[in-house]
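J.: Position chains B and C relative to chain A; hints supplied.
Chains as they are written, first to last, in this note's numbering: chain A, 1 to 170; chain B, 1 to 171; chain C, 1 to 141.
Simulated from the structure, these hints should not be mistaken for lab results. Among these hints, one or two may not hold up.
Unchecked claim - Estimated spans, in silico, between C-beta atoms of each pair: (1) Thr79(B) <-> Asn84(A): 32 to 40 Å; (2) Asp131(C) <-> Ser139(B): 26 to 34 Å; (3) Thr79(B) <-> Ala30(C): 36 to 44 Å; (4) Asn156(A) <-> Ser137(B): 44 to 52 Å; (5) Pro94(C) <-> Leu50(B): 38 to 46 Å; (6) Arg79(A) <-> Asp131(C): 31 to 39 Å.
Where is the CB? At the ideal position from N, CA and C, for every residue including glycine.
As a plain string of letters, each chain reads:
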Amino acid sequence: MSLVKGRTCSESCMELLSLELVHYYARQNNIPAPAAVEAIGFRVGRQLAERYTANRARLGEPLEVIKFICKEFWAAAFRKQVDNLRTNHRGTFVLKDAAFRWLSKLSVDPLPPGVPAGPSPVAELARDYLILPCALIRGALVHLGVEATVTADASNLPACDFTINIKSRN
Amino acid sequence: MDAINAEIFTLTYGSMVRQLIADLEDVNEVNKQLDTMGYNIGIRLIDEFLAKSKTGKCIDFRDTADKIAKVGFKMFLNTSAAVANWNADSTECSLILEDNPLTDFVELPENYAGLSYCNVLCGVIRGALEMVNINVSCSFVKDVLRGDDVSELRLKLLSQMHETYPYKDDD
Amino acid sequence: MIVCAAVIGQQNNPLYLETFQQAGTGSEGALRFHYIVHCSLDAVEEKLLQPQKTPGEPSDAYLGFLYPTEDFKVYGYVSNTKMKFILVLDDMAPKDEEMRLIFKRFHAAFIDAISNPFYTVNTPITSPSFDASIRTIMTTV
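Here chain A stands alone, though its shape is the one from the complex:
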């Protein structure tokens, strides 16, 4: 897949920016942080969807769009593909990424043995960081005609599950 211009930058730029974005909104008292970050990511998701689908064959059914998200979109935005895709065939898709790239810096300290899995401080922190990628994915889906909600669960870092719920039509 050829991406326009082929201009590159360091991965740290994106990491440092998304980190500061979370910190910036955490410092604001009067602005609902999740909504602002979600708005930022949603716009970018739309823009990326237009760009990343420009030179590929036409996408049809929502399933094709989801597969595009798992493979091409993930590779371009998050530098690898989704490792596993599951669906209940009723509009819910779970995308498992065994090592979600944007959380790699958070995953350096694994939980000490004996500490029960579940909401850990790191997972709480991860939740804030995941607003942006969730919004990116939702923006891309909506731009490709798939109205959906996207949530993420990072309670098993560095693995991360993204759940896409497609809104039923009509």
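T.: For chains B and C alone, kept in the frame of chain A given last:
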């Protein structure tokens, strides 16, 4: 250095600037916040710069400016800046950005003429240099988005503290 | 030669229309092309519903020749995101390969235009630099 397609970074930055304008409703306040965010990024980014650039300690401020322009911009934004317009005592210079990924695609609406779109860069330089005990002020004096032929960052050395580095007394 | 280029958004709302003609036609000309472009949407929908010529072969964004008017020929292209790109030509019959290339460049310019952080998706594009690149693409054929 791991490279990514710049557009996701460019677009996220742009979308963030737009959001800040919506949140704060004042471009001067946006400029200030971009600078602060840059500062916070800069104080983290310097470690990576020092670890990966393997450059030695800067000889003087001229050397510092050169390293920012040629090594720093290259390492993070995969572009480079030119150093120009030194003052007589080498404490002030300009970084000229001919090619800046942050401004790809950007067209500034007329009513945001006061916006210093790339102000984050000023904060990044200020924050990064502060971590190596160099205090500078940094601001845009020219901006292609506001109709100038180039983008120009003015970098001014305020103070430099050498005493925090251990050094021998034999000279 | 291309006399009009237009982009229609995801809700079939007009985002952009520019005419490339000799001076003197004025707003009456533009109105006429608005009508032609609007009418082409039905042809686009029809093309999208048509079964593939070769089953299993991936569909192309380029829809080709849509329909003729009395004086013009209308061509279409639809992106994966359901943005419609319409070109109106005067009577010269072009090669498909050439048209495909022009549409690709048209779409690429559009992608950059919507990447402007101050642009809102599905609103009319008023960017002077988009205008300039479209003019270049359409008049250097």
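J.: Decide, hint by hint, whether the structure agrees.
T.: Tested hints:
Checked against the given bound of 32 to 40 Å, the beta carbons of Thr79(B) and Asn84(A), roughly 38 Å apart, stay inside it. Between Asp131(C) and Ser139(B) the beta carbons are some 33 Å apart, a value that agrees with the proposed interval 26 to 34 Å. In this structure the supplied range 36 to 44 Å holds for Thr79(B) paired with Ala30(C), their Cβ-Cβ distance being about 41 Å. In this structure the hint that Asn156(A) and Ser137(B) lie 44 to 52 Å apart at CB holds, the actual value being about 46 Å.
Hint check: Pro94(C) to Leu50(B), Cβ distance near 58 Å, so the stated range 38 to 46 Å is violated. For the pair Arg79(A) and Asp131(C), the supplied restraint of 31 to 39 Å holds, since their beta-carbon distance comes to about 36 Å.
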